[in-house]
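**Q** Spelled out, the chains give:
Protein chains: 2
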Amino acid sequence: MKRTLPLPSLERLCGIYGLLDSLPETLGNRVSSRELGRAIGQTAETVRKDIAHMKADIVSAGGYDPAELKGAIASYLGLQEPRRACIAGLGRLGQAILRYPGFQDAGIEICAGFDSDTNKLELLASPVPLLPSYRITEYVQKEKISLGIIAVPPDQAQITADRLTAGGVRGIVNFTVPVSVPETVNMRHVSVLDELRILAALADGADQNIQEK
Amino acid sequence: MKRTLPLPSLERLCGIYGLLDSLPETLGNRVSSRELGRAIGQTAETVRKDIAHMKADIVSAGGYDPAELKGAIASYLGLQEPRRACIAGLGRLGQAILRYPGFQDAGIEICAGFDSDTNKLELLASPVPLLPSYRITEYVQKEKISLGIIAVPPDQAQITADRLTAGGVRGIVNFTVPVSVPETVNMRHVSVLDELRILAALADGADQNIQEK
Chain L
570 MKRTLPLPSL ERLCGIYGLL DSLPETLGNR VSSRELGRAI GQTAETVRKD IAHMKADIVS
630 AGGYDPAELK GAIASYLGLQ EPRRACIAGL GRLGQAILRY PGFQDAGIEI CAGFDSDTNK
690 LELLASPVPL LPSYRITEYV QKEKISLGII AVPPDQAQIT ADRLTAGGVR GIVNFTVPVS
750 VPETVNMRHV SVLDELRILA ALADGADQNI QEK
Chain U
570 MKRTLPLPSL ERLCGIYGLL DSLPETLGNR VSSRELGRAI GQTAETVRKD IAHMKADIVS
630 AGGYDPAELK GAIASYLGLQ EPRRACIAGL GRLGQAILRY PGFQDAGIEI CAGFDSDTNK
690 LELLASPVPL LPSYRITEYV QKEKISLGII AVPPDQAQIT ADRLTAGGVR GIVNFTVPVS
750 VPETVNMRHV SVLDELRILA ALADGADQNI QEK
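So the sequence lines, in the order shown, correspond to chains L and U.
Sequential numbering of the first sequence, starting at 570, is according to my numbering.
Sequential numbering of the second sequence, starting at 570, is according to my numbering.
Excised from the complex, chain L in its bound form (with noise of 0.2 angstroms):
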């Protein structure tokens, strides 16, 4: 079949789901194209463009049904299948990800932490296990796990890619430096950086350039 779903839209379809999953107090019996809009930073008209592309049977008149729609998100993007996930690198970032409680409601196990700092793994409590870098290609591929997490210094970025990717995951979130990876292998590269720089750009640095949104 003809892939036909743009990224941004699928990157806004997720933001949609998530706002679905984790504010469903705040959204009432019917949300509105505006208000997904406004709380994902998007027009009303683009919400309604992405939705309308999945041309599901959900009634749109009068606002949609937030579980009807976090359904048909689900289905069309197939996030009902579990998916089994790690991290490498258990610094502060790393930890705070193993410890976040939020995953397993929305579908994912993190199955494994990695670090080459063989003392802090025996110090660190955790409900997974915890094993040492050298090891990653061989347990991902055992435990079948299909998406890492690299949180670990710039200078380990490549190697840790490079034994997830021997590993077998499909999909890698990068919170260091960029990596290279096989094109079979899709990359989200997250910074804390290039995001304040966005918007420091966005704020005045350069006004006269930049469209508005």
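If you're looking for bench data, these hints aren't it; they were derived computationally from the structure.
Some hints here could point you the wrong way.
Stated by the list, open to error - Taking lysine-lysine and the DSSO-like style, the derived pairs with C-alpha atoms no more than 30 angstroms apart in a straight line are:
no., chain 1, residue 1, chain 2, residue 2
1, L, 711, L, 689
2, U, 713, U, 639
3, L, 618, U, 618
4, L, 689, U, 689
5, L, 639, L, 713
6, U, 711, U, 689
Stated by the list, open to error - Over the 10 angstroms line for every Cβ pair with chain U, so calculated as not near, a few chain L residues:
no., residue
7, 601
8, 621
9, 627
10, 661
11, 698
12, 704
13, 706
14, 707
15, 772
Just so it is clear, CB atoms sit at the ideal spot from N, CA and C, and this is done for glycine as well.
Go by the hints and put chain U onto chain L.
**A** Frame of chain L, contents of chain U only:
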């Protein structure tokens, strides 16, 4: 003057800038649009268009000079100007950001940290002032802080955004649930869960629906 740079181009230029800034040693004397594209997950053509958008006086034959390109992006986006930022929420994530050594070099000064737990404020060692959350508005205003980072638990997210906004920040990086801010404030929502869902959808859940990059 008219604003002409679309947000996705701004995001990509900040990604390229971050790459040039964090990995200069891997790029050599000249870097091609293809190499830049591969590193940030974009096509060479997209990178060329984004760079051309700046209408900067830079040589592109045989690849770009990394330092020259970095300077051109900084100048176009107003990134040379130093910025003052603060962090609200000093759990593991907030502490990880507070201690991240890369901000200073990037022209971003983390000026303060806030948390509602005053015991925690006393226990944490920090080179910058740590203050109780109810002081956010006053302190942000007094210190002319223009950027805020939200790393608080979900139930404190909205009040934290309100306090930062009342203090006059122009942009917020939000690591928690979506919050509402006035149109004058730019918001960047960062969610590991959203990123994992995007990867899950790209990996195999919706192969038939999603456009190839």
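**Q** So, for every hint listed, does it hold in this structure?
**A** Hints, one by one, checked against the model:
1. A hinted pair counts as satisfied when its Cα atoms are at most 30 angstroms apart, and residue 711(L) with residue 689(L) qualifies at roughly 24 angstroms.
2. For the suggested pair residue 713(U) and residue 639(U), the alpha carbons sit about 27 angstroms apart, so the restraint of at most 30 angstroms is met.
3. Under the criterion of a C-alpha separation no larger than 30 angstroms, the hint pairing residue 618(L) with residue 618(U) is consistent with the structure, at around 26 angstroms.
4. About 23 angstroms separates the Cα atoms of residue 689(L) and residue 689(U), which keeps this hinted pair within 30 angstroms; it holds.
5. For the given pair, residue 639(L) sits about 27 angstroms from residue 713(L) by alpha-carbon distance, which is consistent with the 30 angstroms threshold.
6. For the hint linking residue 711(U) to residue 689(U), the alpha-carbon distance of about 24 angstroms falls within 30 angstroms, and the restraint holds.
7. Residue-level check passed: residue 601(L) sits 14 angstroms from the nearest beta carbon of chain U, beyond 10 angstroms.
8. Distance check on residue 621(L): its Cβ is at least 13 angstroms (rounded) from any Cβ of chain U, clearing the 10 angstroms threshold; non-interface status holds.
9. Residue-level check passed: residue 627(L) sits 16 angstroms from the nearest beta carbon of chain U, beyond 10 angstroms.
10. Non-interface call for residue 661(L) relative to chain U: violated, since the shortest CB-CB distance, roughly 4 angstroms, does not exceed 10 angstroms.
11. The claim that residue 698(L) lies off the interface holds: its Cβ sits roughly 19 angstroms from the closest Cβ of chain U, which is beyond the 10 angstroms cut-off.
12. Residue-level check passed: residue 704(L) sits 22 angstroms from the nearest beta carbon of chain U, beyond 10 angstroms.
13. In this structure residue 706(L) is separated from chain U by more than 10 angstroms, as the shortest Cβ-Cβ distance comes to about 18 angstroms.
14. Chain U leaves residue 707(L) outside its interface by the beta-carbon criterion, the shortest separation being 21 angstroms against a cut-off of 10 angstroms.
15. Annotated as non-interface, residue 772(L) brings its C-beta within 10 angstroms of a C-beta of chain U; the closest such distance is 4 angstroms.
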